[in-house]
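Q: Residues per chain are reported as follows:
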Amino acid sequence: MLTTAPPITVTGMELTFRRDMPGFRAARHFVVKPIGGDGTGIFAHLRCTDTVYVQGSRPIDNLTLLVTPPGILWRGYEVRIDEAMVEELQLSGSEDAALLAIVHPRKPLSESTANLYSPIVINRRTGFADQLVPAASEKEVGWSLRTPFPPDRDPASSTH
Amino acid sequence: MLTLTREVGQQIYIGDDIVLTVVSVSPNGRVRLGIEAPKQVRIDRKEVLERIREENVDSANATPDVTVDAAAWASYGARRANARAKP
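Residue numbers (my numbering), protein chains in the order written: chain A, 1 to 160; chain B, 1 to 87.
What the hints contain is simulated information worked out from the structure, not anything from laboratory work.
Be careful, since some hints might not be right.
What the hints assert, rightly or not - Simulated restraints on C-beta separations:
hint : chain 1 : residue 1 : chain 2 : residue 2 : range
1    : A       : Ala136    : B       : Gln10     : 43 to 51 angstroms
2    : B       : Val23     : A       : Ser144    : 47 to 55 angstroms
3    : A       : Val31     : B       : Thr5      : 32 to 40 angstroms
4    : A       : Ala26     : B       : Asp69     : 27 to 35 angstroms
5    : A       : Glu95     : B       : Asp58     : 27 to 35 angstroms
6    : B       : Val68     : A       : Gly37     : 15 to 23 angstroms
Note that the coordinates shown come from a computational prediction; the quantities given were computed from them, not determined experimentally.
Ideal Cβ placement from N, Cα and C applies to all residues, glycine included.
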């Protein structure tokens with residue numbers, strides 16, 4: 001199944017991961033909180049409400065990631081979701097699915113990258129979610145774990 | 001680590017419901033494995049999953065700055081959303 005995640009802005013929602021988010025043991029429950037409020041921007045905080053465990057570090061109570069729906073900055077972005085994930089998230093069609101890419105923030109922020117290789121796939125009806133782990137390589141998929149932000153036409157934006 | 005010798009077509013049970021089959025072995029050393037397992041069992045290539053884990057942790061480690069810079073991210077996000085809304 002192909003999904004392209006069409007929204008123009010990001011909106012708030014609660015997510016329940018079907019499996020731990022990779023890298024964070026026990027990370028199952030998240031809240032998507034748009035930066036700047038609902039419907040105004042394209043970035044959101046993804047806050048985990050569980051105590052999570054990272055290998056070699058103390059338990060973390062406030063895991064926060066930055067996310068963006070990848071179809072906004074990367075027009076034409078689409079991803080192949082395998083049957084196992086369709087079933088796991090109980091997706092009945094591509095219109096059920098929403099995508100979020102995890103952003104790796106850098107300074108200046110226009111130099112940030114996003115993980116378009118393994119986006120978070122969401123059932124927007126139920127809030128069930130899971131991070132895609134593709135069977136194919138980055139080269140085969142055509143998207144990188146560290147995809148640069150597309151150029152911003154307004155130079156004022158790239159200042160920090 | 002348990003090591004077993006198997007030939008093409010031979011199988012291994014892991015627990016009661018996971019079956020591993022050696023499908024083929026090429027002359028250059030590539031081994032094709034078939035895996036039958038319940039749907040809830042996660043099967044991933046080790047190197048792929050480890051890179052995703054590392055990138056997730058690196059991204060989370062870089063994110064506290066974003067909370068400090070939330071206003072900058074909000075205005076950058078709003079402007080890029082507007083740019084996207086234009087035809």
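Q: None of the hints should be skipped; say for each whether it holds.
A: Consistency of the hints with the structure:
no.	hint	in the structure
1	A:Ala136 x B:Gln10: 43 to 51 angstroms	violated, 27 angstroms
2	B:Val23 x A:Ser144: 47 to 55 angstroms	violated, 30 angstroms
3	A:Val31 x B:Thr5: 32 to 40 angstroms	violated, 51 angstroms
4	A:Ala26 x B:Asp69: 27 to 35 angstroms	holds, 28 angstroms
5	A:Glu95 x B:Asp58: 27 to 35 angstroms	holds, 33 angstroms
6	B:Val68 x A:Gly37: 15 to 23 angstroms	holds, 18 angstroms
Of the numbered hints given earlier, the model fails hints 1, 2 and 3; all others are met.
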